[in-house]
Amino acid sequence: MSNLVIDAEKITRVFPVPGGEFTALKGVDAKVEAGTFCILRGRSGSGKTTLMNIIGTLDDPTSGTVSIGGKPIKGMSTYDREELRRKELGFVFQSVSLIPSLNAFQNVEFSMRMAGIKPSKERDKRVEDCLRMVGLANRMNHMPAEMSGGEQQRVAIARSIAHSPKLILADEPTAELDSQMAAKVTEIFKEMTRKEGITVLMTTHDVGLMGAADEIIELENGERING
Amino acid sequence: MLGIMLEKLWHKKWMNVCLLLGCILLTATVVSFPIYRTAAYNRMLTDEFESFIVSEGKWPALVTGNTSSMKEAGGKTLSRMEAFPDGFYEYMGVDKVDTFFIMNLASATMSSDTKRGEAQQLSVKLASVDDILEHANIIYGEPFSETGITDDGYIEVIVSQSALISKGVLIGEKFTFDDLRQADRSQLKVVVVGVFDASEDSGYFWQIKPEKMDEYLLCNPAVFREKFTGDNAGKFNIKLTFTCLFDYSKIKASDVKTLVKNTEYYLNESPYRKVLDKPQYMKVIDEYNIKVSRISATLIILQVPVLAMLAAFLLMISGQMYEMEKNEISVIKSRGSSSFQIIRLYFYQGLLITLVGTVVGLPIGAFFAKILGSTRNFLEFNFSRALNVAYTKETFIYALSAMGVCLLSITIPSIKHSRVTIVNLKQSKALKRKSLWEKLFVDILLLGVSLYGYYSFNKNMKDLSNAVMAGESLDPLLYFSSSLFIVGAGLFFLRMQPYIVKLIYTIGKNKWGPASHVSFMENIKNGRKQQLIMLFLIMTVSLGMYHAAVARTILSNAIENTEYLSGSDVILKENWTEIVDRHGIYTGEYIVPDYSKYNTLDIAEKFTRVVSDEEATVNGSSNDKYTVHLMGIHTKEFGSITWVDADYNHKHYYEYLNELAKVEDGILLSSNFNTKLGYNVGDSITITNSKKKAVSGKVVGFIDYFPCYAPVENGLNPDGTAFSKENYLAVAHFDYLNKKCGTFPYEVWMKLKPGASQNELIKWIDSNKISLKKYVNAGDRMNVTLEDPLLQGTNGVLTMGFVVTIILCAVGYLIYWVMSIRERELIFGVLRATGFHKGEIFHLLINEQVFSGVFSILAGIGIGKLTSKMFVPILQQAYASKDQALPMKLITVASDMYRLYGVIALVMIVSMCVLVGILFKMNVTKALKLGEE
Chain A
19 MSNLVIDAEK
29 ITRVFPVPGG
39 EFTALKGVDA
49 KVEAGTFCIL
59 RGRSGSGKTT
69 LMNIIGTLDD
79 PTSGTVSIGG
89 KPIKGMSTYD
99 REELRRKELG
109 FVFQSVSLIP
119 SLNAFQNVEF
129 SMRMAGIKPS
139 KERDKRVEDC
149 LRMVGLANRM
159 NHMPAEMSGG
169 EQQRVAIARS
179 IAHSPKLILA
189 DEPTAELDSQ
199 MAAKVTEIFK
209 EMTRKEGITV
219 LMTTHDVGLM
229 GAADEIIELE
239 NGERING
Chain B
848 MLGIMLEKLW
858 HKKWMNVCLL
868 LGCILLTATV
878 VSFPIYRTAA
888 YNRMLTDEFE
898 SFIVSEGKWP
908 ALVTGNTSSM
918 KEAGGKTLSR
928 MEAFPDGFYE
938 YMGVDKVDTF
948 FIMNLASATM
958 SSDTKRGEAQ
968 QLSVKLASVD
978 DILEHANIIY
988 GEPFSETGIT
998 DDGYIEVIVS
1008 QSALISKGVL
1018 IGEKFTFDDL
1028 RQADRSQLKV
1038 VVVGVFDASE
1048 DSGYFWQIKP
1058 EKMDEYLLCN
1068 PAVFREKFTG
1078 DNAGKFNIKL
1088 TFTCLFDYSK
1098 IKASDVKTLV
1108 KNTEYYLNES
1118 PYRKVLDKPQ
1128 YMKVIDEYNI
1138 KVSRISATLI
1148 ILQVPVLAML
1158 AAFLLMISGQ
1168 MYEMEKNEIS
1178 VIKSRGSSSF
1188 QIIRLYFYQG
1198 LLITLVGTVV
1208 GLPIGAFFAK
1218 ILGSTRNFLE
1228 FNFSRALNVA
1238 YTKETFIYAL
1248 SAMGVCLLSI
1258 TIPSIKHSRV
1268 TIVNLKQSKA
1278 LKRKSLWEKL
1288 FVDILLLGVS
1298 LYGYYSFNKN
1308 MKDLSNAVMA
1318 GESLDPLLYF
1328 SSSLFIVGAG
1338 LFFLRMQPYI
1348 VKLIYTIGKN
1358 KWGPASHVSF
1368 MENIKNGRKQ
1378 QLIMLFLIMT
1388 VSLGMYHAAV
1398 ARTILSNAIE
1408 NTEYLSGSDV
1418 ILKENWTEIV
1428 DRHGIYTGEY
1438 IVPDYSKYNT
1448 LDIAEKFTRV
1458 VSDEEATVNG
1468 SSNDKYTVHL
1478 MGIHTKEFGS
1488 ITWVDADYNH
1498 KHYYEYLNEL
1508 AKVEDGILLS
1518 SNFNTKLGYN
1528 VGDSITITNS
1538 KKKAVSGKVV
1548 GFIDYFPCYA
1558 PVENGLNPDG
1568 TAFSKENYLA
1578 VAHFDYLNKK
1588 CGTFPYEVWM
1598 KLKPGASQNE
1608 LIKWIDSNKI
1618 SLKKYVNAGD
1628 RMNVTLEDPL
1638 LQGTNGVLTM
1648 GFVVTIILCA
1658 VGYLIYWVMS
1668 IRERELIFGV
1678 LRATGFHKGE
1688 IFHLLINEQV
1698 FSGVFSILAG
1708 IGIGKLTSKM
1718 FVPILQQAYA
1728 SKDQALPMKL
1738 ITVASDMYRL
1748 YGVIALVMIV
1758 SMCVLVGILF
1768 KMNVTKALKL
1778 GEE
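Residue numbers (this note's numbering), protein chains in the order written: chain A, 19 to 245; chain B, 848 to 1780.
If you are wondering where the hints come from, they were derived from the structure by calculation, not from laboratory data.
Since the model is a prediction, treat every value here as computed from it, not as a measurement.
Incorrect hints may appear among the rest.
[As the list claims (entries may be wrong)] No more than 35 Å apart at the CA atoms, straight line, and that leaves these computed lysine-lysine pairs for DSBU-like:
hint, chain 1, residue 1, chain 2, residue 2
1, B, K1349, A, K136
2, B, K1021, B, K972
3, B, K1621, B, K1138
4, B, K1685, A, K105
5, B, K1281, A, K139
6, B, K1358, A, K184
7, A, K143, B, K1685
8, B, K1768, A, K44
9, B, K1539, B, K1572
10, B, K1376, A, K105
11, B, K1586, B, K1523
Take these sequences, add in the hints, and give me the full structure.
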């Protein structure tokens, strides 16, 4: 039995546009095993975000099938998808996505609340551990507005792992960071796959980060050009 | 520039529509005031004149002068007087109705040429009245001819009916004056050619009624002038009286000042000053002016909070708009625009909005004025007697100032924002700390000031009503105290609100789901952003409640008082003829009018006879006398016609009547007989009526309030100080009084059938040829009460203020929430992406609405109730009149509150629907994309 966290087959996604159709993905296959740090690369408009959205259950493919952790997405109700997202997926977005009225600790804790983990000493400890992992243990009580972009992004990463999801989807998390910080963030992801056995799918067009990847999915004009 | 501006306007069209709405409402509210005032004052002035006609039976707008020529050679005085009327109308700028101009020679004796046996020497005045034939009917004989003199040299004269009777002259009879001669010393001879009476359409022309002209022989005015004035004036002493009647209905409120000034010129400076009498209309105008100053100040004071809220609304919206345009402004700035250029851009934009607002606001203001004039009660209108509204110069001055305020409110925030550059924009994105007012304890300060005001006004309540009675307007501080209290309490609530939310959060800390958690944290951390809109909500609700209570209380008390003082629907008192004995001395007996005729008055449901003698007396302990209002009633009939609300007496009014009914010689007394004069139940009391006839009876009880009875009478001394006087009342049985004191002219009190019209009653009175001594119609009085500009204006301003604040509040609330959702679109997208259910987003928003909206509304209700309880009893003193008989009570009507709650609920539901609509349209992936670009 395979241990595929992401199992996407022949994904095609067609968007209606004024005066015709635009095919963003053309029969893309993506299979990622548990504990893999996988980078999804490609130029702007290559279909990265479309594929991310489909894997993240935010969008449906026009044709093809997707299973996350062995569960086929097709036919799943909106509510069940939302449950899947809050319990088994973690998201890191390109721009700042922290809740501004919560401090770093509360933001991280929030994903655990969402996943239905009851308040307890263990939960608090987990939050602290996650923040320590991203190197922000000393800034737990700071509000997002009081932190730099890189720090905020690291809090977002901590948040995405706190509830121990199977899969983390990170869409251009390094786009707004300098190369040093980008390398650091990538390092954190890598470490998570080792320590926690989490699967990470990260999009980027930064070639310098490719070396850290266990696997690379490369897209061009909606087609996979490697693997 | 214009292009950028229009594009900007279009881009933020909803904000600009809101700004425009604010400008329109502000302009309309501001201009409605002078428009209403002018129209209401015009109506009030006309009403004052008309009530003068009703009460005095005279034309109110007239000037009278009289002088004697004193045999002045050349008759300069006379000719000057002749010129007076025309000059007067022109100088005063009034419309002539009639000029009554009478000249007469001094009284002189004349003898009949026929030397009739019993004819004696007759003492008469030869006179002439200008334009007499236009205002008189010749009822016997002929008018004087055009030449006015017979061929044989007799001056033709006409006489009144009263002269015909008292002087016993005959038509065609010729007379020669005994001593009075013509200028050439020839005999002065007259012939009576006719008898005149006032014509039906002569109106108020006859300043000396023909009935009173029993000494006058009226000749052709041309003859009079030829024979006795001009060159001949030196030989006669001519008395001259003239009255100029002008049209009061054409006098507008704006003419009053000129009218007074010109009148004063005539009375004090003009050559005519010695011959003119002080005209009656000056008193009418004095009365009017007192009312005007009181109303004017009161209405302004009541409008201030609404205007302040309007200005605050504009500030808030434009502030929000700049908040949205912050990025744009900072970009423009970093590209080298100066602050001045940015301010100028916003200034032009504001000017455009303000101009449109003013143009639209003016007609809406006129409409508002109409509504003001049609308000019958809080949020109740009656358009049957609408005001005639018109723009005046004043209106445009007000409109201009409204424009100024709008423009400033819109532009001022741009000054702050014009300094922002990208750098400090980023710096300022940190969370907001405590507001300035919180640090300065403005709430505590306002509460302190208003409570001090409350305390000191409460202590001096009596002075307050005295001052008002003396014609002073509502003390602004009094009203401001209540407004400050509302603002202060509102701010204080805002200070407490985060702690309340925190408390609720802490209580259920472990039970809150993710949605509740976020909303609690959002409110605790970011709640201060909502303070302005929350204050708006609180003020709308509490001002609404307070104003409803004020309007209700003032009006209900006035209505109840009028009903109470009217006694019953109609009171009639006929003129009774007193019987004279052989020597012509009044006997005290009367010809009693037929009472059975009232059975033919179909519109009366019930009626009863009531003796009402206001001049009865009772002896005090030490030879002092007290005036008593003595009434004689049929208890059962009286009770079925009259009513006193159960709250006012210790027992129900009917129980007092029942106690009286049980004792034949029983007398029911007003309570002050007990408290001031020491009577007790069971005592015997002797009362002397105005005919000096005494009646003794047994005291059966003491009552505080009885129909028509005012326990204390308030009024003003001639020196302007207020006084209050105890009134005493004694009620006995009608039959008992009749038996002991003889017949006394009674009144008939009646209850009309529902829907009975006054015209029918008047028709009945006319057809029965009843001559009335007293006529009280509760309906008429009620109309006077309801149309009192002070009451009506108060109701109107409060109602309109409420409607305007509700609109502002609804718009403001909606804008705030739309903005707040738009701002957080990205966060909502993130939440949805990470698996937040749609229901959870609603849950979150509903929570936020509860924390800000519902909490504010609840606070507003509490503050409104408290303010009403505290300040309405003081404020209503400002509306005290000298007729106030009943104790005032605070009145809140449940339906007002329901209406208020209904409107607010509607606002909340509508904004909720809009928010839900926005959320549904929001696409998760799109929201996230938004953040990527």
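Consistency of the hints with the structure:
Using a Cα cut-off of 35 Å, the hinted pair B:K1349 and A:K136 holds, with the two alpha carbons roughly 21 Å apart. Taking the CA atoms of B:K1021 and B:K972, the gap is about 15 Å. The hint holds against a cut of 35 Å. A threshold of 35 Å between alpha carbons decides the hint, and for B:K1621 with B:K1138 the separation of about 27 Å falls inside it, so the pair holds. For the suggested pair B:K1685 and A:K105, the alpha carbons sit about 17 Å apart, so the restraint of at most 35 Å is met.
At roughly 33 Å between alpha-carbon atoms, B:K1281 and A:K139 fall within 35 Å of each other, so this suggested pair holds. Restraint check: the Cα-Cα separation between B:K1358 and A:K184 comes to about 27 Å, which is no more than 35 Å; the hinted pair holds. In summary, the hint linking A:K143 to B:K1685 is supported, as the alpha carbons are separated by about 30 Å, within the 35 Å threshold. Pair hint B:K1768 plus A:K44 holds up; C-alpha atoms about 29 Å apart against a cutoff of 35 Å.
Of the pairs offered as hints, the one joining B:K1539 and B:K1572 holds, with about 24 Å between alpha carbons and a cut-off of 35 Å not exceeded. Simply put, B:K1376 and A:K105 have alpha-carbon atoms about 33 Å apart, close enough for the 35 Å limit, and the pair holds. Taken as a hint, the B:K1586 and B:K1523 pair is honoured in the structure, with Cα atoms around 29 Å apart against an allowance of 35 Å.
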